[in-house]
Amino acid sequence: MARLLVQLKLRLLTNALRSSRRAKVSFIVSTAFAALLAIGTFLLLAALRGGSAPVAQTASVFTVFAFGWLLVPLVSFGLDGTLDPAALALYPLRTRPLATGLLAASATGAWPLANVIGLLGVTIGVARGAAGVAVAILAVALEVLFCIALARLVTTGLAGLLRSRRGTDLAAFAVIPLFALYEGFAQVVPRLAAEGKITAATFADIDRWLRWLPPGIAVHAIHDVSTGHLGTGLTRLAVLVAIIVAIGWLWIRSLRHALVSVDVSTQAAAVRGRPLPFGRAGIRGTVAGRYLIYQRREPTSIVRWAIVAVVMVAASVSTIRTPAYHVALFISAVLAGGMLCLFNGNWVGLTGSAFTLEASALTSGRAVRAYVAGRNIALGIIAVPLAVILSFALAAFAGHPAAGFLALPIDLAAIGVGLALSSLYSVSLAYPAVKRVGSPIPNAADGHGSQAFLCAIGSLFGVPIVIAPVILAVNLTGSVPRAVRFPALLAFAVGYGLAAAWGAGRWAAALAVAKMPELNQVAISSRL
Amino acid sequence: MSEPSEQSGLAISVHGLRKSFGAKQAVAGIDLEIAAGSFAGLVGPNGAGKTTSLSMMTGLLRPDGGQVIVHGLDVWADPAAAKAVMGVVPSEARLFDRLSGAELLEYAGRLRGIPVTEARARSAQLLDVLDLTADAKRLVADYSTGMRKKAALGCALIHNPPVLFLDEPLEGVDPVSADVIRRLLTRFVGSGSTVLFSSHVMETVELVCDHVSIIDQGRIVATGTTDQVRGGKTLQEAFIALVGSKATDEEDLSWLGSLSS
Numbered sequence: 001m002a003r004l005l006v007q008l009k010l011r012l013l014t015n016a017l018r019s020s021r022r023a024k025v026s027f028i029v030s031t032a033f034a035a036l037l038a039i040g041t042f043l044l045l046a047a048l049r050g051g052s053a054p055v056a057q058t059a060s061v062f063t064v065f066a067f068g069w070l071l072v073p074l075v076s077f078g079l080d081g082t083l084d085p086a087a088l089a090l091y092p093l094r095t096r097p098l099a100t101g102l103l104a105a106s107a108t109g110a111w112p113l114a115n116v117i118g119l120l121g122v123t124i125g126v127a128r129g130a131a132g133v134a135v136a137i138l139a140v141a142l143e144v145l146f147c148i149a150l151a152r153l154v155t156t157g158l159a160g161l162l163r164s165r166r167g168t169d170l171a172a173f174a175v176i177p178l179f180a181l182y183e184g185f186a187q188v189v190p191r192l193a194a195e196g197k198i199t200a201a202t203f204a205d206i207d208r209w210l211r212w213l214p215p216g217i218a219v220h221a222i223h224d225v226s227t228g229h230l231g232t233g234l235t236r237l238a239v240l241v242a243i244i245v246a247i248g249w250l251w252i253r254s255l256r257h258a259l260v261s262v263d264v265s266t267q268a269a270a271v272r273g274r275p276l277p278f279g280r281a282g283i284r285g286t287v288a289g290r291y292l293i294y295q296r297r298e299p300t301s302i303v304r305w306a307i308v309a310v311v312m313v314a315a316s317v318s319t320i321r322t323p324a325y326h327v328a329l330f331i332s333a334v335l336a337g338g339m340l341c342l343f344n345g346n347w348v349g350l351t352g353s354a355f356t357l358e359a360s361a362l363t364s365g366r367a368v369r370a371y372v373a374g375r376n377i378a379l380g381i382i383a384v385p386l387a388v389i390l391s392f393a394l395a396a397f398a399g400h401p402a403a404g405f406l407a408l409p410i411d412l413a414a415i416g417v418g419l420a421l422s423s424l425y426s427v428s429l430a431y432p433a434v435k436r437v438g439s440p441i442p443n444a445a446d447g448h449g450s451q452a453f454l455c456a457i458g459s460l461f462g463v464p465i466v467i468a469p470v471i472l473a474v475n476l477t478g479s480v481p482r483a484v485r486f487p488a489l490l491a492f493a494v495g496y497g498l499a500a501a502w503g504a505g506r507w508a509a510a511l512a513v514a515k516m517p518e519l520n521q522v523a524i525s526s527r528l
Numbered sequence: 001m002s003e004p005s006e007q008s009g010l011a012i013s014v015h016g017l018r019k020s021f022g023a024k025q026a027v028a029g030i031d032l033e034i035a036a037g038s039f040a041g042l043v044g045p046n047g048a049g050k051t052t053s054l055s056m057m058t059g060l061l062r063p064d065g066g067q068v069i070v071h072g073l074d075v076w077a078d079p080a081a082a083k084a085v086m087g088v089v090p091s092e093a094r095l096f097d098r099l100s101g102a103e104l105l106e107y108a109g110r111l112r113g114i115p116v117t118e119a120r121a122r123s124a125q126l127l128d129v130l131d132l133t134a135d136a137k138r139l140v141a142d143y144s145t146g147m148r149k150k151a152a153l154g155c156a157l158i159h160n161p162p163v164l165f166l167d168e169p170l171e172g173v174d175p176v177s178a179d180v181i182r183r184l185l186t187r188f189v190g191s192g193s194t195v196l197f198s199s200h201v202m203e204t205v206e207l208v209c210d211h212v213s214i215i216d217q218g219r220i221v222a223t224g225t226t227d228q229v230r231g232g233k234t235l236q237e238a239f240i241a242l243v244g245s246k247a248t249d250e251e252d253l254s255w256l257g258s259l260s261s
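Line by line, the protein sequences give chains C and H. Read left to right, the first sequence gives residues 1 to 528 (the numbering used here). Read left to right, the second sequence gives residues 1 to 261 (the numbering used here).
The following block holds chain H by itself, in its conformation from the complex (with noise of 0.2 Å):
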């Protein structure tokens, strides 16, 4: 029998999914169809809704409403069995501290169900792939911040998913490090495998993405390949363009500045 997704041609679908937090509607019935193979970018403002519907679409919060279908399998059916086909990297690495690198990864395939002693050779190559070999035996609780996203990145891929969720996988890491997982990343789809990850930064979006779907108070306002959303504009302008920007009053600071008195 075929995947369903391979009848579909759909890594992920996402159809009416809300979720509400008292009186506040933090996702207002998103649509989402991101094909498989898909470099996918979930872009918008602070307090957008990015996490929280990332958060649905993995199983990790229970939606008001909605359904979520990854890789041919309903999320909320059967959460177990569309855990299995996905990896996902949280925007905060929720990792075990007081582990090494290696054992972390080690752990994350062994929980997966992978040998032992596969989950240690590919717990091995990926830490090399992800630059990690020399920090292999410290503990992630001393990691530095782009080394603990590379872990939490290396646990999400060791079971080599189908498709991969990402929350703000560059947020606080540097450009050394952001270009290890950027090469990884699209190497990971170069395969036929599906991204989606969650950003705010339009640069790294626009470089990497070929689909690209923009939030805004819990509504998807845009969504395409990259080059529909710009519409001949760069992201960042068509970005500011649909959720509007805050104008400054820059006369309270005449103080500012060396010329100032």
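Chain C with its partners taken away, still in its complex shape (with noise of 0.2 Å):
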């Protein structure tokens, strides 16, 4: 049955690397980052010999490759045919064979490799003499075995979950947690390093609570064994080996149960029954009530918010504290739209093959202006909120809690003109979206790459291009009174946003209805 369950992931990701260009480079990429994230971790972990603290220090990196393996499979679920035990459900399978074939199964691949190759650095950093190396070959296995069980038992036991509605919602807001923690490492990590604020102490605090966890219990037995405390490096790994069994008990128990149950947690699920908002505004109205019920409603767009607000965070983070906080207020606020504008500049594409159902009713011109003035105000009602608490808290941090003022106008400049170029993206650029399997956020489809990459550009860039005359007044008016400059500012800022969100919203709607056919081809070729 190993053997079987091995053939068959082997042959899945033949068949993936088989179906598409695409998925040839995903693959290539895939491997060189498995091969980079082995080499990388076995250098690491090797460099740490003889270091400050080199026990707490691997100990961290094993409780983060854990942490990997039980975040990943959340957000991955459906890549691997494997992970789903009701694909096997319906084959006369006994369960431990079974188990023994998912557990193989879960084990090939490039990335399960590059993760033993990766620990193995260990038997440099930490262990020492032939029975330190031994021992330390067992625990990296051991290692492995426990995210490998780990993983599957959270998976099998999410699996009917994870088939279902809900379960794929949830799992779309893991990616907030790992984005943040994305930026955080990039933004704030090398800042400490450099700072020299992440020292052998910091680790030692963290080991304190690691060395009770699996992966701490296994990089301290290599150290008793290597410190000539066999005994104690025995114990360790027996009660390493008892979690493993433990784990795995409970994970044969829920693939059983997983076999022959569904997910029904929606089944019951409904909303409150109230009717949609703004019921008398016409069509602008309605189409800003759907947009602002799906803010609320599809993951997808609560993530996009979400990101919204970390970039904002995470690009002042490291200057906010310094005396160039003006300039990081100025970044965040100028991101607020961009971002803004990135992941809204699409909206044919990601409405999807729904559009249709709206397009067909959009038979004028005029019609057509207030669904772009609709989706722009649904847009804005949770923008403007969202970019002026932020800015206002990040000024807060910064110590100058005034200059939340001065970011006030360009927040407000630049939510307007990332609704006005993401309306005429949407319409100029439009492309399919697909949300692949594994991914929560729809990308381009195949073929459509360029475009995003256009709007993706245009965004980032276009957005602060286009505010720069309100870059300038607030720069520029250092010498005007604050009781003067704040609310001319702030009226300029609220003007100029307007002014662009109306104007692009007609020149939009205007092609819009000229090429309405093509876009009723997108939405249909959206898969989300």
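Simulated from the structure, these hints should not be mistaken for lab results. Since the structure is predicted, the reported quantities are computational estimates derived from the model, not experimental observations. Just to be clear, a hint being listed does not mean it is correct.
What the hints assert, rightly or not - In silico lysine to any residue, SDA-like type, Cα no more than 20 Å apart, as pairs:
| hint | chain 1 | residue 1 | chain 2 | residue 2 |
| --- | --- | --- | --- | --- |
| 1 | H | K137 | C | P277 |
| 2 | H | K137 | C | R274 |
| 3 | H | K233 | H | E206 |
| 4 | C | K515 | H | R62 |
| 5 | C | K515 | H | A81 |
| 6 | C | K515 | H | G65 |
| 7 | C | K515 | H | A84 |
| 8 | C | K515 | H | S20 |
| 9 | H | K137 | C | A270 |
| 10 | H | K137 | H | A121 |
| 11 | H | K137 | C | F278 |
| 12 | H | K137 | C | R272 |
| 13 | H | K24 | C | S525 |
| 14 | C | K515 | H | A80 |
| 15 | C | K515 | H | F21 |
| 16 | H | K137 | C | V271 |
To be verified - Quick list of simulated restraints, FRET-style, between CB atoms:
| hint | chain 1 | residue 1 | chain 2 | residue 2 | range |
| --- | --- | --- | --- | --- | --- |
| 17 | C | D446 | H | G190 | 40 to 48 Å |
| 18 | H | T145 | C | P275 | 24 to 32 Å |
| 19 | H | P115 | C | A270 | 23 to 31 Å |
| 20 | C | L4 | H | D131 | 41 to 49 Å |
| 21 | C | G447 | H | Q217 | 21 to 29 Å |
| 22 | C | L460 | H | D131 | 48 to 56 Å |
Built from N, CA and C at the ideal position, the CB exists for glycine as well.
Put the two chains together into one complex, using the hints given.
Below is the structure:
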């Protein structure tokens, strides 16, 4: 059974590789990253030898890997056909051989191999002597086994849920902490490290907790044996084996249950019976109401807004507590509009095939203009308070709360221009969006990457270019008394943003009327 | 001024409609005339060009050539005006999954310019007729295939269009839901409106349609009243005779079956 499932996994991998050019590129890139991870982790762990806290630092790395195994399958459920036991439920398979086979399938592939190779760096970084190296190899094997068993327990337990609408909704939210962690590492860790704020003592503090978790137990076992405490080391390994056996037992129970049950959590789910908002505001209000509901109910929308917030904070975090805090605030405000434009610069593709329902009712140029205005109103209702609150929070964090009043005009102008450009891009660069299995955020369909790229570049560069007059006005009016400056800048920015959104909205609507059949085809080609 | 369709008596008139995708000719110049008040079926094997034809007739896909007149309005001369007089149910129900059934129908009605109170009232009535009242507050994302088809039909009917296009409306629908849809459509046609629907289920077409057109390889190979097209046979037999059937060599399956060794 193990051999058959490993062959199945390999066949799934090779078939995915053959399916398209994009799949080939993804596979090559993914394998290259796996190789980099293996080599990088190995060298990192090996380089800890002789350092001030190699055990604590290695325990941190082992724990990060375990969290990776825990989180990634939640996001990528569906990418790996062997993750879902329901696919095998039709066959006369007994649970134990099935469990062994699924474990073996999990261990097959570039990423599990990269894990093993990378973590073997511990044989140089922490292990001492032949016994130490032998225990290190065993501990790495157990660590990887622990990771796989834990990931299997979680995915099998959630398998029914992950196949359901609610489960995929919840899985989408896993992107937010992953993205925040990435931004945190990319923006904060290098700066803290450069400032010498991440020291051996930091890791020693963390290790006081990590040593009681299975990854920490594995590393401390290697250290114990390497320092002559063979009994303690072997006892730790025995505890680790017991934990793995317990997880395995729980997993097999969960597997038995998952094979014969389905998720029913959405069967009784209902929304409140309130009518759609803005009932008396014509098509503009009707569309705004639908868009607002979608921003709240669709996980992808919530994820996008969360990413806008994370980017605004992350972009400013390295300079917000320095004398250049106002630059951080301005960059953050510009990014609010840039990200808004980026995420909404393809409303036809992102609405998907349901857009045809709307398009069938847009029977005049006026109706299309109302549609675009309704969309802009809904997005503005969320974007304005989000950006303003974050700007003032960042200004307060910088120790200059009044500086929020300078970021405010840039926020508002950037949002107006973001809506304006996204309306135009949505019509002129419209492309089908596809939510690929494993990815909670839709991407451009095959062959449409260039439009998505143009939209991204046009958003991130277009917004700052178009709002340059507002940025200049903010920067060149430093000598004007605040009582005059703040209201004047606010009025200018609001007028500027509204004029941009209104003018571009009308332009986009005129373009949309002319190419409605093509927009319908884009919508129909989308797979969300 | 009387409606142009009333002058001609035709609800749908198609002339020389064609479409190619690269080298493949999906629709090779079809002509079709459907009288107002007809329940018309467009049948054909998979890949015959049914969906492409319906997409062009409903303004969703720009044709390479030809003319489509719906209720007296040239679809490609004035697509917006033509869309106002038609309802469309695509083969794959294209709905807003994150709205509840009640919200979806109200939204479709309000988009069509129906006043909000009227849209809510029609939505409730349609949900009732479509047997969806109990699920009106559930998200469409959690609906079954049959429920989605019924919700899509509700969206297409809420503005009471004179002409309704349906692409495979009963595909994947259980017999009870199919019966609900059939009865609603029959009632709709009985009031003088026109229905054109595509299908490859001959029994259904034979049961409900008074006009049938058979399409194969992008061409209309037979059209007329159901009796004319059947020519004394069942529609299934007439269809097979017109489009042919694939002969199978069953020798290779000698192992199949309980009595085989």
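Verification of the supplied hints:
1. For the hint linking H/K137 to C/P277, the alpha-carbon distance of about 16 Å falls within 20 Å, and the restraint holds.
2. For the hint linking H/K137 to C/R274, the alpha-carbon distance of about 9 Å falls within 20 Å, and the restraint holds.
3. About 11 Å separates the Cα atoms of H/K233 and H/E206, which keeps this hinted pair within 20 Å; it holds.
4. Annotation: proposed proximity of C/K515 to H/R62 holds, straight-line Cα distance about 10 Å (limit 20 Å).
5. Between C/K515 and H/A81 the CA atoms are separated by roughly 15 Å; this keeps the pair inside 20 Å, and the hint holds.
6. For a cut-off of 20 Å, the pair hint linking C/K515 to H/G65 stands: about 17 Å separates their Cα positions.
7. Restraint check for C/K515 and H/A84: satisfied, since their Cα atoms lie roughly 18 Å apart, inside the 20 Å limit.
8. For the given pair, C/K515 sits about 19 Å from H/S20 by alpha-carbon distance, which is consistent with the 20 Å threshold.
9. Between H/K137 and C/A270 the CA atoms are separated by roughly 5 Å; this keeps the pair inside 20 Å, and the hint holds.
10. Restraint check for H/K137 and H/A121: the C-alpha separation of about 15 Å stays at or below 20 Å, so the hint holds.
11. At most 20 Å may separate the alpha-carbon atoms for a hinted pair to count; H/K137 and C/F278 meet this at roughly 19 Å.
12. A threshold of 20 Å between alpha carbons decides the hint, and for H/K137 with C/R272 the separation of about 7 Å falls inside it, so the pair holds.
13. With a C-alpha separation of about 18 Å, the suggested pair H/K24 and C/S525 falls inside the 20 Å cut-off, and the hint holds.
14. Among the hinted pairs, C/K515 with H/A80 is consistent with the structure: their alpha-carbon atoms are about 12 Å apart, no more than 20 Å.
15. At roughly 18 Å between alpha-carbon atoms, C/K515 and H/F21 fall within 20 Å of each other, so this suggested pair holds.
16. For the hint pairing H/K137 with C/V271, the CA-to-CA distance comes to about 5 Å; that is within 20 Å, so the pair holds.
17. Separation of C/D446 from H/G190 is about 47 Å and conforms to the stated range, judged on CB atoms against 40 to 48 Å.
18. For the pair H/T145 and C/P275, the beta carbons lie near 27 Å from each other, so the given range of 24 to 32 Å is met.
19. Between H/P115 and C/A270, the C-beta spacing of about 26 Å keeps the proposed range 23 to 31 Å intact.
20. Checked against the given bound of 41 to 49 Å, the beta carbons of C/L4 and H/D131, roughly 46 Å apart, stay inside it.
21. The given range of 21 to 29 Å is respected by C/G447 and H/Q217, whose C-beta atoms sit roughly 27 Å from each other.
22. Taking the beta carbon of each, C/L460 and H/D131 are about 50 Å apart, inside 48 to 56 Å as hinted.
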